[in-house]
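Residue strings, one per chain:
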Amino acid sequence: MAAVKPANRGVNLWLRYTLLTFVALIFIFPIVFMVVSSLKPDQQLLVDTGSLRAFLPVGDISLNNYFEAFERAPVGLFIFNSILITGVTVALSLFVCSFGAFSFAFLKWRGRDVILAIIIATLIVPFETIAIPMLLVVNNLPMVSSSGFKIGWLNSYQVQIVPFIADGLTIFLFVQYFRDLPRELIEAARIDGASWLQIYRRVIVPISGPVFATAAILKFLAMYNQYLWPLMVAQSEQYRPVMVGLQYFFQLNVAWGEVMAYLTVITLPVLVFYLFLQRAFIASIASTGIKG
Amino acid sequence: MNKLTLFGGAVVLSTLLASTAMAQTELSMWYHGAGNPNELEVLDVIIDDFNGSQSDWNVVLEKFPQESYNESVVAAALAGNLPDIIDVDGPVMPNWAWAGYMAPLELSDGALDGFLPGAIGEWNGNIYSVGLWDAGLAIFARKSVLEANDIRVPTLDNPWNEAEFDALLLKLQATGDFDFAIDMGMAWTGEWYPYAFSPFLQSFGGDIMDRSTYKTAEGALNGDAAIAFGEWWQALFARDLSPGTSQDGADRGSGFLEGKYALQWNGNWAALPALEKFGDDMLFLPAPDFGNGPRIGAASWQFGVSASSENQDGASAFIEFAMQDKYLAQFSDAIGLIPATAAAAAMSKNYKSGGPLEVFFGLSENQATLRPVTPGYVVAALDFEKAMADIANGADVPDALDAAVDAINSDIEKNSGYGF
Amino acid sequence: MSTPVRSKLSSATGAGWGMAAPVIGLLSLFLIFPFILAFALSFTNQRLISPNPTEFIGMRNFEQLLGLNVLIIEPERDGAGELVRNDAGEPAYPRVRTFTRNNPDYPQYQGMREWFAWNFRGDRIVFLASDVIFMRALTNTFLFVAVVAPVQGGLALLLALLINQKLRGINVYRAIYFMPVVVSIVVVSLLWRFIYDGNDGLLNNILSGLTFGAFKPVDWLGEYGTALGAIMGMSIWQAVGFHMVIWLSGLQTIPETLYEAADIEGATATQKFRYVTWPGLRNTAVLVLIVITMQAFALFAQIDVMTRGGPLDSTQTLVFQAVIRGYEKQDISGGSAISVILFLIVLSVSLLQRYLVRTKN
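These protein sequences, in sequence, are chains A, B and C. One point on numbering: in my numbering, the residue at position 170 of the first sequence is 170, and numbering is uninterrupted. One point on numbering: in my numbering, the residue at position 223 of the second sequence is 515, and numbering is uninterrupted. One point on numbering: in my numbering, the residue at position 274 of the third sequence is 986, and numbering is uninterrupted.
The reader is advised that the hints may include incorrect statements.
DSSO-like mimics (lysine-lysine), calculated; alpha carbons at most 27 Å apart, straight line [stated by the list, open to error]:
no., chain 1, residue 1, chain 2, residue 2
1, B, Lys435, B, Lys644
2, B, Lys435, B, Lys641
3, C, Lys878, B, Lys552
4, A, Lys150, B, Lys644
5, B, Lys569, B, Lys641
6, C, Lys878, C, Lys984
The set of hints was computed from the structure by calculation and includes no laboratory data. Quick caveat: nothing in here was measured; it's all calculated off a predicted structure.
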């Protein structure tokens, strides 16, 4: 590398950026298409799809699709529900799973390895295949609500939150990360007489920012995109999240402009959340991947 | 301080008002029209009128997107969480009634007089559901196109026959003016397939299953008549007379209006835009007769009462209230559907004598055929849909029909004959 | 682990169980128990909706799914024993349905259908399956995994090498490459339907532009030969950024000094990759492979939005069939049986992967 002449280096650099940009176009074009299409009337949108105009905000550009989408469905409510459900689940999940993972990674106890193996095996089960048995489970759980005690969790936020707090992937991510941390930290704290709880809180959590960020974004994506489960358990509009709301737009003749506007609006919170966590996220996967 | 007292007083007052309203027993109602404001507006009027017309019941509406409505109902039923009043797609009703989700309606004598047969949901000797409207299908065509190609305009008494229909499709294709001679609507997957296409099968002399026993599809769906139908069907696509399964939903919606398709097999709900576009040139033609008379599907969305409701009398009362001709006419005006009674048709904008869609009332009255009235229909419809798609995509006709027959029969067997 | 201090410190059964109790409890209630329920249902005739009582039927659901048989058909001969030939001059065979439908001479074939067949020494060898759709779903799923796992993993590694440079603004590119992962797979599938459209889809127009019109438009999702490939392509595109980031992390753990040493030895770029980079990525490779395999076996949303298993079953998959049967066809026990088979397959593949890796180490 040191031998490369300055002129060559300029060309080299230019080539690298060209390649990087070309690849970037491959990854971003459908998203540009979505945003641009949301600004066009249906007729023009469909004509434009076949050409490069699909990516250019040209022609009859307006925000009409957005107004119409908000008129057709309570979009604000759906986004509020999704953010609430996702936010609470992610927060609880990070806490409960990291707590459990701490035990799997640092404490030695009977049955630990078997249980961890079972937890990792749960990753194999696609949710779609157990949704109905799960419906029967939540329908027999007790709950306390404003109207008193009752059996059955349907039609609530909690039925969309509690079942997803613990999940194998999140636990696995934390365990892998914790196992790579220097054990001396724990031993030193233990010798100082700290309890396990204190070690978790004062030693481990402060140095685990990256894995918390990774787990947060992955959990956020999975929760925000939930569809089948809320469809089954949220009968009243009041509790419906964004992916169920998408169905409001698939009438006999689909108004594609409105669909694109809706998709843009519901993708926005995820992008914001992702960009917010991006730095920590990349650093975090960098460290969780080490041990495989 | 004063403000606060005033505010407090208002709260007490509104609580009082609310509790007077609470004297009415709440009836929950589910409807499939979420995302369709025109339709909901009419329903809201009916509900408001009903709630204001008596002091016993107060109907509260919950709306669902149609795409996933059935899944929502089934999940709720599994969880024992159904509302008092549900709406149900006509052919699905026997399945829900058989499963014990629905209770027979308690209507007063004569309440159903004058209703189109397609709007009455009867199973096992009981009325379980009633539709405020029916839907009807027709071949959409332009008079000018037919005339230019010297094609006869068919009538209810004298529809096109198979040979005539085939010849005119080839003729239209040969003009080169159109992408396709006819659009069957393959982009509309789901219930559209059995609704729109199984009447052709019946006109050939076949059926989705054997209606004399409802215990098998053998013979009905893979006999000679059914194979003849399947070969006719396949030839439509093999010769590029109609767009196939990969048709774009947008083309389905606008292709006929834009002149891409010479003819279109479509429903009355799409008739108004076509009339607006082509005016007097627009024709709504009866289905061809393939040997056993021209047929079109019947039955659309209907209202029923859930079996778990503690207020079945109230739920029935609401449905009977909604069955008034003026509401039937209002629904028709709002969404273009066929009013379920002749009296309501006369009150409606489009179906009254001389109205632009009057012809559909005749089609519905004369050609409408119910899909198999059995709890097994729900699954049979999916197998029929798959066979139609596979045949259109070039599958071997008898094999595809055999596969559907086997799937339907195995389902009937797993359900111990569905009570037949 | 062997030092006395460590074992004394970390042996804590009470605290260990206590801290793990919340996740164990939640997972047992909301994942393991429902799965056991599904497992149990697969041995019954349970329907989603039915007034009929549930009965234990043993292995019947599995037999129905996995039933296979071979039928050898001799060509038709006329009265004189001469082969009957069709228009193309090939020998004609009696239709398979004459053997499999209500033929009392062949009860073992009753209700089976042709899965695939070929001609051998004048006879026609027909593989029959009692559930052809399931067999298609099974083979499609394996094909999907076999293509997507290596291609997605390989492309992700290339991207990681590309992005692992110290350049201004490289983080922007990283974010963009990761973008498809962030957008819901349902949304992505909807958008790609436009790209794959057979008439005026973007892909067709680009290809036709690049070849100056020589390329004939293809109905990517509508043709038997291209539909699964189109879904594979989109799936790779969607998740490649995720695995790129995992590779990237592996790359960043390889000490810079190793590369410097290689430079001193005069190694070429290829040699550096072969002898420095790749050995340092073994653990990462295992992680990527296992995660991709599990994700690929769960293929569902793309199918549901884009093709619903068609055309002609070319995109049926196991999870899609499990869902169709369990929900739409109300056959919850049949759907559960597919889930159980899927679970056993993925478990075996995972154990096999682990075993292979272990022997190498």
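We went through each hint and held it up to the structure:
1. Among the hinted pairs, lysine 435(B) with lysine 644(B) is consistent with the structure: their alpha-carbon atoms are about 22 Å apart, no more than 27 Å.
2. For the hint linking lysine 435(B) to lysine 641(B), the alpha-carbon distance of about 23 Å falls within 27 Å, and the restraint holds.
3. In summary, the hint linking lysine 878(C) to lysine 552(B) is not supported, as the alpha carbons are separated by about 55 Å, beyond the 27 Å threshold.
4. A C-alpha spacing of about 52 Å is found between lysine 150(A) and lysine 644(B), which places the hinted pair above 27 Å, so the restraint is violated.
5. Taking the CA atoms of lysine 569(B) and lysine 641(B), the gap is near 18 Å; set against the 27 Å cutoff, the hint holds.
6. With a CA separation close to 18 Å, the supplied pair lysine 878(C) and lysine 984(C) stays within the 27 Å bound.
Hints 3, 4, counting from the list given before, are not met by this structure.
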